[in-house]
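J.: Residues per chain are reported as follows:
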Amino acid sequence: MRTLGGTIDGAIRPERPLASGTNGERRPAPLTFLVLLWLSLVVAFGVLVTLIVTIIIDGQGQFTGRLLSEYPASSPDRAGARPAILGSAWVIATTAIMTIPLGIAAAVHLEEFADKRNWFNRMIELNVQNLAAVPSIVYGLLALAFLSLLGVRDKNIVIGGALALSLLILPVIIIATREALRAVPTEIREGSLALGATQWQTTWRQTLPSAVPGIATGSILALSRALGEAAPLLVLGALVFVSFDPSGILSGYTTLPIQIFNWTGRPQEGFHQLAAATSVLLLGVLVLMNGLAIYIRNRFQKRW
Amino acid sequence: MNLTHSTMRGSVKIVAVGNLDLIARGRPAEFRHRGLTLATRPTAMAALLEVGRDPDSIVLVPTNLNDMPLTEFVDILHSLAHVPVIAGIVPGCSAQAVSELFDHGISSTVALPTSPGRLADAVRASRTPEQTEELVIEVGNLTLDDARHRVTWFEKEVTLAPKNFEILRFMLVAHPRVIPLQELMKHVGDNPQNRAVRARVAIGRLRAAFSDAEPRHDTPIETVHRIGYRLRL
Amino acid sequence: MIDRAGEKIESIVPHEGPGVRINARPADGFLPDEPRGILQCENVDVYYGSFRAVTGVDLKFGLHEITALIGPSGCGKSTLLRSLNRMNDLVDGARVEGRVLFDGEDIYGSKVDAIEVRRRIGMVFQKPNPFPKSIYDNIAYGPRVTGMRVDSMDDLVEEALTKAALWGEVKDKLKQSAYSLSGGQQQRLCIARTIAVKPDVILMDEPCSALDPIATVRIEDLMHELRREYTIVIVTHNMQQAARVADRTAFFTAFADEGTGDRTGVLVEFGKTTQIFEHPTDQRTEDYISGRFG
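Protein chains in written order, with my numbering: chain L, 1 to 304; chain H, 1 to 233; chain F, 1 to 294.
Treat the hints loosely; a few may be bogus.
20 Å max Cα-Cα, derived EDC-like pairs, lysine to aspartate or glutamate [stated by the list, open to error]:
#: 1; chain 1: F; residue 1: 133; chain 2: L; residue 2: 190
#: 2; chain 1: F; residue 1: 127; chain 2: F; residue 2: 221
#: 3; chain 1: F; residue 1: 198; chain 2: F; residue 2: 225
#: 4; chain 1: F; residue 1: 133; chain 2: L; residue 2: 187
#: 5; chain 1: F; residue 1: 127; chain 2: F; residue 2: 220
#: 6; chain 1: H; residue 1: 13; chain 2: H; residue 2: 30
#: 7; chain 1: L; residue 1: 116; chain 2: F; residue 2: 92
#: 8; chain 1: L; residue 1: 116; chain 2: F; residue 2: 220
#: 9; chain 1: H; residue 1: 186; chain 2: F; residue 2: 137
#: 10; chain 1: H; residue 1: 156; chain 2: H; residue 2: 138
#: 11; chain 1: F; residue 1: 272; chain 2: F; residue 2: 262
#: 12; chain 1: F; residue 1: 127; chain 2: L; residue 2: 77
#: 13; chain 1: F; residue 1: 163; chain 2: F; residue 2: 200
#: 14; chain 1: F; residue 1: 133; chain 2: F; residue 2: 103
#: 15; chain 1: F; residue 1: 175; chain 2: F; residue 2: 200
#: 16; chain 1: F; residue 1: 198; chain 2: F; residue 2: 258
#: 17; chain 1: F; residue 1: 173; chain 2: F; residue 2: 225
#: 18; chain 1: F; residue 1: 198; chain 2: L; residue 2: 190
#: 19; chain 1: F; residue 1: 127; chain 2: L; residue 2: 190
Hints listed in this document are in silico derivations from the structure and should not be mistaken for laboratory results.
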């Protein structure tokens with residue numbers, strides 16, 4: 001028998017009336033903590049808003065159709081970011097094609113097939129976790145070394161950039177896919193196996209389809225990270241002034257972040273405005289991609 | 001006392017000395033609702049006559065009784081018929097007087113004028129143990145109060161479903177005999193199927209109820225292997 | 001004894017033929033003293049790594065009988081159940097010693113395909129686990145992945161759902177998600193799904209523990225029906241359920257290893273359910289079934 005304010009093994013709960021006229025959450029310590037939390041939020045959000053508003057104000061004059069349709073030029077009034085936009089599209093598409101199947105396959109192996117008690121598998125797992133935290137420029141250097149080994153002389157090609165970015169986001173995709181696979185309940189796998197399905201059938205027909213929304217979300221977020229990267233591409237000697245459209249995976253290219261980097265370094269005020277406008281464009285694309293990821297996550301989220 | 005008035009059975013007749021207005025607060029119907037029938041008599045002598053007619057009643061006497069000494073009145077009632085007496089305390093009555101009344105054997109007190117609830121409490125308190133004892137089985141630290149459907153174990157209340165209560169009562173009546181499973185099976189309801197299981201499960205539930213109520217003591221139900229169960233108290 | 005039981009299996013297993021349904025049980029209530037073991041454990045130990053979860057189990061699961069495994073938590077009854085159709089293979093480090101014979105053949109034999117073992121010995125789990133697909137596809141999944149030759153999948157789905165006493169409730173919404181069903185219906189769907197691959201034995205791991213009492217009664221009725229065609233092994237915590245559904249009951253308990261403190265499950269007593277509940281021969285059984293522990 002439990003009674004109100006009763007004792008359990010001699011411990012007595014001090015009896016306070018429910019309607020004490022006070023609010024436990026409004027005592028000094030919780031209140032201070034709450035105010036600090038709000039302050040951090042205001043600071044972080046304030047900086048972000050200031051930055052975006054400044055860029056928009058700076059770039060508004062240059063935010064015209066010319067930005068999308070023209071090639072870079074020596075005068076800011078005639079310059080546009082067309083090759084950079086196309087270059088980004090090429091590099092990201094190539095990265096996606098190279099990384100997503102590989103990342104999913106690696107994650108499926110680690111999660112569904114590998115013996116998790118094996119030291120080798122555990123080591124790989126640990127390394128994948130760590131690789132996600134390696135600075136992006138390191139991947140640029142890695143790709144550079146790799147291409148040199150292969151004897152590629154002109155390293156500023158779409159496939160080269162995509163290689164660097166693939167290395168960069170592969171661990172992210174592997175981790176995201178593993179999370180998505182792990183979110184599929186064991187009961188589903190067991191149910192399938194108990195019917196006489198093989199591991200392979202179970203993964204292919206049950207686990208992976210159920211994990212697709214999570215995998216898609218993770219992949220899009222990883223790709224949007226790759227889209228904003230400039231450092232590894234600069235290491236590979238990405239061109240800063242391209243006046244042609246990239247035409248294939250062996251073509252030279254530039255990307256939006258590199259174009260922004262280039263224009264920011266110019267002395268003319270007009271180029272700074274162009275850089276701001278291009279930043280707004282890049283930001284817009286990133287927001288769209290993240291929005292898509294969130295949409296997929298919410299729309300297809302399974303409730304088990 | 002945490003008993004509720006619903007545990008009282010039938011109606012108790014209260015013979016009160018004095019004027020109804022000075023004794024009772026509330027309408028007679030409210031008292032009847034509590035199982036109390038108030039009969040007021042103007043004098044102590046009239047009250048004694050009434051008790052003579054109906055020895056099962058309880059007498060309520062105010063401490064400012066004026067036609068005979070209070071203690072004498074109480075003594076007469078006790079020597080006549082062991083009638084319980086409740087003293088109605090009126091303002092101005094000394095504590096010493098009340099304690100003297102208890103020495104003379106009154107069973108409880110109540111402040112006058114009294115509400116139906118207070119009087120019902122006083123009546124309950126005035127019931128002598130002899131009147132309820134036969135309804136309570138008490139063995140060792142285990143008490144089963146049949147009328148109130150209450151079981152206590154080391155003074156902790158044990159919550160039991162009616163079926164399990166029946167089985168425990170059966171076991172208590174049989175104590176200290178070992179009760180064979182076959183015999184226990186007759187007390188698990190009318191359904192002829194799976195009686196053995198239901199008897200075993202009932203024993204299991206009893207044990208669970210005992211250890212919920214008082215985890216520090218072993219449950220009093222002992223398995224006698226291949227025969228049945230008994231209470232060890 | 002074993003040989004004689006083996007002979008009986010041969011004569012009882014229904015032979016292929018149109019509409020031939022041999023009921024191995026002449027009438028409810030008749031139960032041979034010795035189970036005609038279609039599935040049999042011989043001195044089975046189950047290990048997880050170096051931890052021995054169950055040891056020394058000798059058990060026969062009678063053809064077309066329901067056998068209940070009962071015992072306190074952690075006594076290894078679920079572990080043993082999962083080793084009967086090699087579901088434990090999926091747990092890293094799990095291994096079985098001794099022999100588990102299905103129709104006389106060791107399912108842990110070197111040439112035995114675990115996939116086929118699981119098709120022949122199906123399993124229903126504690127929590128209803130329908131696939132995130134339509135009701136129809138849930139049933140059709142097993143026959144499809146196991147490559148069963150099916151004349152009409154529609155007929156097979158109907159047959160399985162009918163046997164699982166679910167057809168009437170779902171026949172108009174076969175294309176709806178299995179998740180639209182109630183918990184009890186989901187569990188019957190899982191049973192139907194298991195039936196669809198035409199197993200010989202159905203293992204049930206506490207199939208009613210996540211269900212309300214009414215759904216539980218329906219599953220229990222269903223088990224009585226299924227017993228005509230299948231051999232059922234059920235793990236349950238509910239002794240009244242064991243008594244209601246099982247022909248035979250096996251009681252397990254765990255003892256602590258003196259050195260390591262690990263708790264290992266052992267089979268204490270096995271017999272007809274009525275005998276286990278009315279005249280248990282072991283004190284521990286009697287203590288358990290009347291609530292002394294667990």
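J.: For a C-alpha distance cap of 20 Å, please report whether residue 173 of chain F and residue 225 of chain F respect it.
T.: Since the Cα atoms of residue 173 of chain F and residue 225 of chain F sit roughly 24 Å apart, the hinted pair is violated (cutoff 20 Å).
J.: Sort out whether residue 200 of chain F lies within 20 Å of residue 163 of chain F, counting only the CA atoms.
T.: holds, 14 Å
J.: Quickly compare the C-alpha distance for residue 175 of chain F and residue 200 of chain F to 20 Å and report which way the hint goes.
T.: Violated - the C-alpha atoms of residue 200 of chain F and residue 175 of chain F are around 28 Å apart, more than 20 Å.
J.: Is the straight-line distance between the alpha-carbon of residue 156 of chain H and that of residue 138 of chain H 20 Å or less?
T.: holds, 14 Å
J.: Can the restraint linking residue 127 of chain F and residue 221 of chain F be considered satisfied, given a maximum Cα separation of 20 Å?
T.: holds, 19 Å
J.: Just to be careful, I want the Cα atoms of residue 127 of chain F and residue 190 of chain L compared with a cutoff of 20 Å; is the pair within it?
T.: holds, 11 Å
J.: Holds or violated: residue 186 of chain H and residue 137 of chain F, Cα atoms, limit 20 Å.
T.: violated, 51 Å
J.: Given the hinted pair residue 133 of chain F and residue 187 of chain L, is their Cα-Cα distance within 20 Å?
T.: Holds - the C-alpha atoms of residue 187 of chain L and residue 133 of chain F are around 14 Å apart, at most 20 Å.
J.: Mind checking the alpha carbons of residue 133 of chain F and residue 190 of chain L for me, to see if they're no more than 20 Å apart?
T.: holds, 16 Å
J.: Quickly compare the C-alpha distance for residue 116 of chain L and residue 220 of chain F to 20 Å and report which way the hint goes.
T.: Roughly 39 Å separates the two Cα atoms, so the pair is violated.
J.: Does residue 77 of chain L sit within 20 Å of residue 127 of chain F, going by the straight-line distance between their CA atoms?
T.: violated, 68 Å
J.: Hint check: residue 198 of chain F vs residue 225 of chain F, CA-CA at most 20 Å. Holds or violated?
T.: holds, 15 Å
Violated hints, in rising order: 8, 9, 11, 12, 14, 15, 16 and 17; the structure is consistent with all others.
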